[in-house]
Amino acid sequence: MIENSHPALQAKAITRIYPGVTALNGVDMTLYPGHVTALVGENGAGKSTLIRIIGGLESPNSGSLSIGGEQVSFSSAHDSQTAGISVVSQEFRLVPQLSVAENIFLGHEITVGGIINRRQSRKRARDLFEELGLDLDPDRRVGSLTVGDQQLVEITRALSREFTVLIMDEPSAALNGAELDRLLDLVRRLRDRGKAILYVSHRLDEVFAVSDAVTVFRDGERVAHLDTAHTSEPELVELMLGRVLEERMPQTGITNTHFDAMPLLEADDLACVHVSDPINLAIRPGEILGLAGLVGSGRSEVMRTLFGVLPARGGRVRVEGKEIRLDSPAKAIGAGMFMLSEDRKSDGILPHLSVLENLLISEKRREGTGRQSWVPVPKYEEGTYARLRGELRIRAESGLQLIGNLSGGNQQKVLFGRAVLSGCRVLLLNEPTRGVDVGAKVEIYQLIEKLAASGVAVLVSSSEAPELVTLARRCLVLYAGRITAELEGNEVTEANIVAACVAQSAKAVA
Amino acid sequence: MVDERKSRTAKADFASGSEGHVMKDLIGRYYLQVILLVAVALLAVAVPNFRSLSNIQNTLLQASFAGLVACGMTLLIAGGVFDLSVAGIIAVCGVAVAEILPTTTTGVAIGAALLIGMALGALNGFIVTKIRIPAFIATLATLNIYLGVAFIWTQAKVVPIVSTNFLELGNSSILSIPLAFVVFVAVCVLSHLLLHRTYFGRSLRAIGSSEQAASMAGLPVVRVKILTFVVTGLFTGIAAVALSALLSSANGTMATGIELNAIAIAVVGGTALRGGQGTLLGTFTGALVFAVLNNALNLLRVDPYWQYVSVGLVLVIALAIGAARKTASVRGAE
Amino acid sequence: MIANQITASSADALLKSSRQTQAAREAKAARQGTLVERFGILLPCVVVAAFGVILVPNFLSASNIANILVNASLMAIIGFGMTLVIALRGFDLSVGSTMALTACVTAMMVGTAGLWLGMAAGIVVGAAVGLFNGLIIAYIKVPAFVATLGTMAIIRGVALLITGGGSILIGDPSFGAIALSRVFGIPSPVIIALVLLAVLYLVLERTPFGRHVCAVGGRPEAAIDSGIDVKQVTLKSFVIVGVCVGVAGVITASQLGFVDGTLGMGLELQIIAITVLGGTSLSGGSGNVVGTFIAAVLLATISSGLNLLNIPAFYQYLSVGFLLLFALSLDSLRVRSQRRALLWA
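Residue numbers (my numbering), protein chains in the order written: chain A, 28 to 537; chain B, -4 to 329; chain C, 136 to 480.
If we strip away everything but chain A, and leave its shape as in the complex, we get:
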């Protein structure tokens, strides 16, 4: 490894703990001038947390950060920028109503006597575009640009400041081939100019194309730091996934699928937003179908279109053979579907309501269950709550406490209970164990399998390959809006899923 003696950035023993979860556990990171370091790892490995800390948006619980040999402590994004760190964020920090040039120079505008010098700004913007090999109009409103172009503006914005350290968080997520080549070219040029670059990406081919060294994070720890020239993709994938996880469940209940039964959920040529392929799928009673893909692959869009949250541009969806109109979640629920969203904080829990109310809110009104039409009967409801609490093993002090007080895993179980009580025949799960501890994870897997055993058709969408391997007998993989693989039976392995997620050719069956 070629290492200069003067690192541009040195992070030592960085630890960051959130309630219930250790995001980073004593990680080190050193960035040298004229050097590109790639950072890889699965979702939840801690990459974003480290970037937020270096970017000044969060402070570590312990550990130190030095820039150019001097120890620093950031209390805002501004501090980090002043210290010479520039970040290309994954979520665009762009104001849609402002022009490209105004966004690029937001916060450090080029002025003459207090007035923004538009000509200079335009010129400087064009210079930056030239470096990137771009053809963008500096006066165009950012809100009217495509997502890909917005990403390019975001990158330009990071380059418009004076910096010694450049951090790029998934900079290529919305770029196509030619733009990507230009981006990698730019990274190389910046490196040659002596900048220290941290390149975070899921896409291993980019890592090998542009980086000098690779750091691998897993579960909040740094598990490897290698010379890019001396490693390989399979080695990286293995390091990212780690050895066999103890929590992985033995595969059970394979034979729950009623192969002869009519599919409960069918999608015919469903055209979803941001997904270029039409989606075709069919799930039978008792079957668990997996849907894999990275962030930005279109996985989430497919789920949300199936549930009526996003409008479909074409195609049909049938539940129990009957075509349904995907107007709204209420319609979907009425037809017998239910969905657990990946963001339970904003789409799932009702924070001001109690655990009991959260559980019972979608209960299907059936005859003879003691449920009146206007007024909830406390005794009946408490009975239902007690029953489900037992079945789902929800750990809560009382049904009347606010749901916000429960741990992530227990909140998720409550949402499961909500799905069960809705009487759904089709269950859509988006990242069912995100933010859930290991113990609850296992219990949730068992719940999913039990539900399937009772005849429900389940579609599980996840960015965690082991999860899909545990649950699904069939798995679709999406990459950049296209279906790159349909795996069945023995083909459903972590290696195959991860490979298809990053659009590599299939490996031999593990």
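Don't take every hint at face value.
[Stated by the list, open to error] To be clear about the criterion: a stretch of chain B counts as covered by chain A if any three or more of its residues have a C-beta under 8 Å from a C-beta of chain A, and this derived list gives those stretches:
#, stretch
1, 21 to 35
2, 207 to 216
[What the hints assert, rightly or not] A few chain C residues facing chain B, derived, Cβ under 10 Å:
#, residue
3, Val182
4, Leu228
5, Ala282
6, Met287
7, Ala294
8, Gly299
9, Pro322
10, Ile326
11, Gly401
12, Val455
13, Phe457
14, Leu459
15, Ser464
16, Asp466
17, Ser467
18, Val470
[What the hints assert, rightly or not] Cut-off 27 Å, straight-line C-alpha distance, at most; resulting in silico cross-link-like pairs (DSS-like, lysine-lysine):
#, chain 1, residue 1, chain 2, residue 2
19, A, Lys372, A, Lys477
20, C, Lys366, B, Lys321
21, A, Lys372, C, Lys276
22, B, Lys321, C, Lys371
23, A, Lys358, B, Lys125
24, C, Lys276, C, Lys366
25, A, Lys358, A, Lys372
26, C, Lys276, B, Lys321
For the record, the hints were derived by calculation from the structure and aren't laboratory data.
We treat Cβ as the ideally placed atom computed from N, Cα and C, and that holds for glycine.
Please arrange chains B and C on chain A, whose structure you already have, making use of the hints.
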């Protein structure tokens, strides 16, 4: 992953709750009621006219008008919306009663007024949900439209009410308690039951808590919101009937500024602006607090314009306290 | 079975072509949207003016036009400040009460401390109210519309208190002359409004502060990430609208000659109406001060027309209310169609 840590600490907190904690907790939860009782007690001792029957009746009566509107406002705030048009609804309903009374019976006139209130509420609800305009600005616009209707109907004149039937009914008392106040109490109880003991109320609170999650859970967001506006229109119509009975007249400006009072009552009473919950006990107490405050200012011969200042000031202070507490709790939760 | 092994180039080609069509579609929508946004208000203005000329006698008389422009200017001056605040995604319901207070303070001070001190006092009072609002909203984080609902009541009370509920007559004739004076035949209030229009246009569109206001209103995370002090920007915006109200209050006092605490009741709705009508979106991120001015002229024209037709003033409750609803519906439609356009990527 250290998840057990969280539930363990929660249990630890629970266990350490001592007697002192319970007492502090009670006062913390019912501080407004305590303040009201203390204020009433002080005033009863210090200001002689306060204790007279007519003054008490007057205060209770004054509490009823804004209080009735505040009940509806509480429901709306719990659902995440507002209605600034209530002064306009009262104007139209009051004028309707006054204009219709000479031609029909008391019952029909009152019924018509209530129906008109519900219709105007439905219009508000429709504009907010179907045309998707933020509630507070949409109802600011409808406020003006309804006021315009009232003024045009009366040609900006005051319409007197002479029907003795109606006036007797409106100004009657039950066991020395003004009828309007009794109705107010009934509406408070009804609203409480509606919000906390029906599926409708649960849906409303869910929508106010997180409209996104409520939609994902399949709740009929549009229908619930419109119905809540209709209910508010109904309660406001009742207030209009009561007020026009007191004034024995109706005109466009009969309830100017009542939206401020209603929101202040709800907020001071403890219903948080961000939605998801509402307390009718708080609204009831708040209505009394403001009525007692204004009554005290009157009796103490304080310049009546201080009432404007005091309502606004109390509202702003209550909001500031609420906002400061929320920021602190969010920080703690991080 | 691994289906569809996608080669990099075929995926690229697909992405690129779909992106190009989408870009073309968006550019077209953006152009149309901007045109409607910036100049849409002119159409109703012309229509109303046409109606006025046809229906109303003496509509085109010099004195009537001057009248309309002066009334429009008074509303527009406050409207410019409101445009800034709404671009910030804030709100100010207290402008009516504040105008009454500044007019009353000015009236009182002109009588006792002289012309210039009196006018300065009015403007300072406006700024002080703006500061108060800004502190509550930016630093204590109370939602703007309900905070200003509260201050609206407080300020109204204060105005009524200091005037004892009565009116103040301004004895100084030179003060009254200010509002009535003309420069090159154009009434001074109109000049002041046009000057303020130019200043605030410049500030909003061409200074870092103005861009920061739009950033805070359009996407606060982007503003924070760029190192913008959101609290300071919010505070300054509310002070600016306070100053605008102060100026309007001084001119009103000069114009009327006697003021009382009930001035400007219901004014806030008119100001919000002209701001939204003028093309400033309630969702924040942009402000159209020119549109605000044109919309002010529109409202003043309607009001003048109704007056000349001897239609009672209270009919304007209806006209302003409906106009505002109409403008809000358009705004909502535009925001929703923009959002939908972005989905089809």
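Outcome of the hint check:
{"no.": "1", "hint": "21 to 35", "result": "violated (count 0)"}
{"no.": "2", "hint": "207 to 216", "result": "holds (count 9)"}
{"no.": "3", "hint": "Val182", "result": "21 Å, violated"}
{"no.": "4", "hint": "Leu228", "result": "8 Å, holds"}
{"no.": "5", "hint": "Ala282", "result": "6 Å, holds"}
{"no.": "6", "hint": "Met287", "result": "7 Å, holds"}
{"no.": "7", "hint": "Ala294", "result": "8 Å, holds"}
{"no.": "8", "hint": "Gly299", "result": "8 Å, holds"}
{"no.": "9", "hint": "Pro322", "result": "28 Å, violated"}
{"no.": "10", "hint": "Ile326", "result": "31 Å, violated"}
{"no.": "11", "hint": "Gly401", "result": "7 Å, holds"}
{"no.": "12", "hint": "Val455", "result": "6 Å, holds"}
{"no.": "13", "hint": "Phe457", "result": "6 Å, holds"}
{"no.": "14", "hint": "Leu459", "result": "4 Å, holds"}
{"no.": "15", "hint": "Ser464", "result": "5 Å, holds"}
{"no.": "16", "hint": "Asp466", "result": "8 Å, holds"}
{"no.": "17", "hint": "Ser467", "result": "5 Å, holds"}
{"no.": "18", "hint": "Val470", "result": "9 Å, holds"}
{"no.": "19", "hint": "A:Lys372 <-> A:Lys477", "result": "25 Å, holds"}
{"no.": "20", "hint": "C:Lys366 <-> B:Lys321", "result": "18 Å, holds"}
{"no.": "21", "hint": "A:Lys372 <-> C:Lys276", "result": "22 Å, holds"}
{"no.": "22", "hint": "B:Lys321 <-> C:Lys371", "result": "25 Å, holds"}
{"no.": "23", "hint": "A:Lys358 <-> B:Lys125", "result": "18 Å, holds"}
{"no.": "24", "hint": "C:Lys276 <-> C:Lys366", "result": "9 Å, holds"}
{"no.": "25", "hint": "A:Lys358 <-> A:Lys372", "result": "22 Å, holds"}
{"no.": "26", "hint": "C:Lys276 <-> B:Lys321", "result": "10 Å, holds"}
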